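Respectively, the protein sequence lines represent chains A, B and C. Per my numbering: the first sequence = residues 26 to 167. Per my numbering: the second sequence = residues 26 to 167. Per my numbering: the third sequence = residues 26 to 167.
Because the hints were derived from the structure by calculation, they are not lab data. Hints may be right or wrong, so weigh each one.
Because identical chains cannot be distinguished in the list, a pair is counted as satisfied if it fits within a single copy or across any two copies.
Claimed, not checked - With a straight-line Cα cutoff of 20 Å, these simulated SDA-like cross-link-like pairs (lysine to any residue) come out:
{"hint": "1", "residue 1": "Lys27", "residue 2": "Tyr98"}
{"hint": "2", "residue 1": "Lys117", "residue 2": "Val141"}
{"hint": "3", "residue 1": "Lys75", "residue 2": "Leu42"}
{"hint": "4", "residue 1": "Lys127", "residue 2": "Gly53"}
{"hint": "5", "residue 1": "Lys66", "residue 2": "Ala45"}
{"hint": "6", "residue 1": "Lys27", "residue 2": "Asn39"}
{"hint": "7", "residue 1": "Lys166", "residue 2": "Gly116"}
{"hint": "8", "residue 1": "Lys166", "residue 2": "Glu35"}
{"hint": "9", "residue 1": "Lys99", "residue 2": "Asn39"}
{"hint": "10", "residue 1": "Lys148", "residue 2": "Gly116"}
{"hint": "11", "residue 1": "Lys99", "residue 2": "Leu81"}
{"hint": "12", "residue 1": "Lys66", "residue 2": "Asp40"}
{"hint": "13", "residue 1": "Lys131", "residue 2": "Met78"}
{"hint": "14", "residue 1": "Lys66", "residue 2": "His51"}
{"hint": "15", "residue 1": "Lys27", "residue 2": "Lys150"}
{"hint": "16", "residue 1": "Lys27", "residue 2": "Lys99"}
{"hint": "17", "residue 1": "Lys150", "residue 2": "Ala45"}
{"hint": "18", "residue 1": "Lys166", "residue 2": "Leu81"}
{"hint": "19", "residue 1": "Lys66", "residue 2": "Gln105"}
None of these values were measured; they are calculated from a predicted model.
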Amino acid sequence: MKASARNQFEGTINDVLIGAVNAEVHVGLQGGETIVASITKDSIEALGIKTGMSVLALVKAPQVIIVTDFGGYKLSARNQLQGTVSEVKPGKVNAEIDIELKGGEKIAATVTNDSVNALGLAKGKPATAAFKAGAVILAIKG
Amino acid sequence: MKASARNQFEGTINDVLIGAVNAEVHVGLQGGETIVASITKDSIEALGIKTGMSVLALVKAPQVIIVTDFGGYKLSARNQLQGTVSEVKPGKVNAEIDIELKGGEKIAATVTNDSVNALGLAKGKPATAAFKAGAVILAIKG
Amino acid sequence: MKASARNQFEGTINDVLIGAVNAEVHVGLQGGETIVASITKDSIEALGIKTGMSVLALVKAPQVIIVTDFGGYKLSARNQLQGTVSEVKPGKVNAEIDIELKGGEKIAATVTNDSVNALGLAKGKPATAAFKAGAVILAIKG
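Can you make the complete structure from the sequences, with help from the hints?
Spelled out as structure tokens, the structure:
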């Protein structure tokens, strides 16, 4: 698939939890991390989503928050992937930050240059990429 | 209304599906496409949203993914609008892509320059604009 | 906490409404405004979220829509904070707009330069920052 989402993770569906309108899908990545996606119940049915299926989890870079120091806080975001900054690509107002996860995958985040400075983002710095379950789009083959 | 959302589609509410906390609203556009919005049940009540009402569906450009080749994949995103790239406005890190839909409306997406290159985005290229129901804000008159 | 979200509001949890999969949390800011967050029920339990707790509400700037004239429309977005534009930082394609709220807090929005022009955004202009409950991430201490 050719899609503009900077983040496209290959994984396997480990769990599906269905609510009244929305559902939650747990995707296990090859490197061991889990991504949680919140999608509508209609999409579960339309795509025939079931445990064990192969899937792509798509996340746009502007949806990703980078945390370098939790300072005793816990985040409500269902997805919090730890890694190390592998690249900083600065623009005029925004920058793209790439983080290499422990499992080997990379995740890109778009943040403002102000945040790059405030967090001291630079290659090699430990960082967590956080994003909500509602930010994830799933792609199923077939 | 003067709002910064790049995408503001006029339409009519065709269907309202209510869950425990969230609800799903189907908006028919003048060109024939349907946009699905996920909003809270409280908003349904506060705005008095009902089938048959005129509505504006607002979507920010950074929420929109562009797909040029599905390669056999199906997406969970409830909104997938087909069209043709009508303009590419490049920035230093990000670009704005305008897609003209089959029904005549235009939709704008903000994507990284890397994606512009990877997808070969250029004027005249067929493309699908995909976004989640949760990315849509509705505006009701009166 | 050091996180890249441009908007980090300190507040107190005033209300928690739980659905089948998702929940809605009302956060009262020090300046008097309320922010509504939609998070999963699992996060409510994992973070032990309860009325009366102190909390940070995080919102990324690209999630925020700016409205300068409602023209008789009402928005479904649960969060609509009124204020005055305090700064416009233009980039090549996008700009960052800071709005000072009535209660004294500031909120940043990333919008396209086209929107800056269309809305006539400039320092001192009254504006409303609107964002969906699903755009908010909560951070709890301890």
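For each hint, the structure was consulted:
In this assembly of identical chains, Lys27 and Tyr98 lie within 20 Å of each other by CA distance solely across copies; the values are 10 Å between and 37 Å within a copy. For the identical chains of this complex, Lys117 and Val141 are neighbours both inside a copy (12 Å) and across copies (16 Å), given an alpha-carbon limit of 20 Å. Taking the shortest alpha-carbon separations for Lys75 and Leu42, only the intra-copy value of 10 Å comes in at or below 20 Å, while the best inter-copy value is 24 Å. For a Cα distance limit of 20 Å, the shortest separation of Lys127 from Gly53 inside one copy, 14 Å, qualifies, whereas the shortest one across copies, 37 Å, does not.
Within a single copy, Lys66 and Ala45 get their C-alpha atoms as close as 8 Å, and across copies as close as 12 Å, so both meet the 20 Å cut-off. Taking the shortest Cα distances, Lys27 and Asn39 never come within 20 Å of each other, neither inside one copy (25 Å) nor across copies (32 Å). Within a single copy, Lys166 and Gly116 get their C-alpha atoms no closer than 35 Å, and across copies no closer than 33 Å, so neither meets the 20 Å cut-off. Taking CA atoms no more than 20 Å apart as the test, Lys166 paired with Glu35 passes inside one copy only; the shortest distance there is 11 Å, against 33 Å between copies.
Taking CA atoms no more than 20 Å apart as the test, Lys99 paired with Asn39 passes between copies only; the shortest distance there is 19 Å, against 24 Å inside one copy. In this assembly of identical chains, Lys148 and Gly116 lie within 20 Å of each other by CA distance solely inside one copy; the values are 16 Å within and 23 Å between copies. For a Cα distance limit of 20 Å, the shortest separation of Lys99 from Leu81 across copies, 10 Å, qualifies, whereas the shortest one inside one copy, 27 Å, does not. In the homo-oligomer, the alpha carbons of Lys66 and Asp40 lie at most 20 Å apart both inside one protomer (14 Å) and across protomers (16 Å), since each shortest distance falls under that limit.
For a Cα distance limit of 20 Å, the shortest separation of Lys131 from Met78 qualifies neither inside one copy, at 22 Å, nor across copies, at 35 Å. For the identical chains of this complex, Lys66 and His51 are neighbours both inside a copy (14 Å) and across copies (15 Å), given an alpha-carbon limit of 20 Å. In this assembly of identical chains, the alpha carbons of Lys27 and Lys150 lie at most 20 Å apart only when taken from different copies (13 Å versus 31 Å within one copy). Taking the shortest Cα distances, Lys27 and Lys99 sit within 20 Å of each other only across copies (12 Å), while inside one copy they are farther apart (35 Å).
For the homomeric pair Lys150 and Ala45, neither the shortest alpha-carbon distance inside one copy (42 Å) nor that between copies (39 Å) is at most 20 Å. When the C-alpha separation of Lys166 and Leu81 is checked against a cutoff of 20 Å, the pair qualifies only within one copy, where the shortest distance is 9 Å, while the shortest distance between copies is 33 Å. In this homomeric assembly, Lys66 and Gln105 come within 20 Å of each other (Cα to Cα) only across copies, at 17 Å, whereas the closest approach inside a single copy is 24 Å.
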